Amino acid sequence: MTPLRRFCHALALRLGVRVREIESWPMSELADWMEFSRTSPIGDDRADVLAAIIANAACMAKTKVADFIPQWGGRGRDMTEDEIRAVVRSLKKG
43 MTPLRRFCHA
53 LALRLGVRVR
63 EIESWPMSEL
73 ADWMEFSRTS
83 PIGDDRADVL
93 AAIIANAACM
103 AKTKVADFIP
113 QWGGRGRDMT
123 EDEIRAVVRS
133 LKKG
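Final position of the sequence shown in the working numbering is 136; the numbers increase by one with none missing.
It should be emphasised that the hints constitute simulated quantities derived from the structure, not laboratory data. Hints are not guaranteed to be accurate.
[Claimed, not checked] Below, in silico cross-link-like pairs of lysine to aspartate or glutamate (DMTMM-like), each with a Cα-Cα straight-line distance of 25 angstroms or less:
1) Lys-104 / Asp-74
2) Lys-106 / Asp-90
3) Lys-106 / Glu-123
4) Lys-106 / Asp-74
5) Lys-106 / Glu-125
6) Lys-104 / Glu-77
7) Lys-106 / Asp-124
8) Lys-104 / Asp-90
9) Lys-106 / Asp-87
Fair warning: this is a prediction, and the values are worked out from it, not measured in the lab.
Work out the full structure: start from the sequences and follow the hints.
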């Protein structure tokens, strides 16, 4: 799936319309939505970042916000069980 098509799916989900409806829009309107999303993300990416900020604040040390942002679609790697246990231990200590 291309990044543009992925964006159309995210936008369709947010607006409650079908992807084919968005694909029928003039490119100028779609470009406006893409620019809007660049500064105010549309979709779950925004919620992931906000949740990561809260999780990072709860740890209060030795972590970065990026440590808590899920990497969907193979963009990163899954945490190992040992890494998950270490995060849970650090939360219990705080």
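Run the structure past the numbered hints and jot down the numbers of the failing ones, going up. 1, 4, 6
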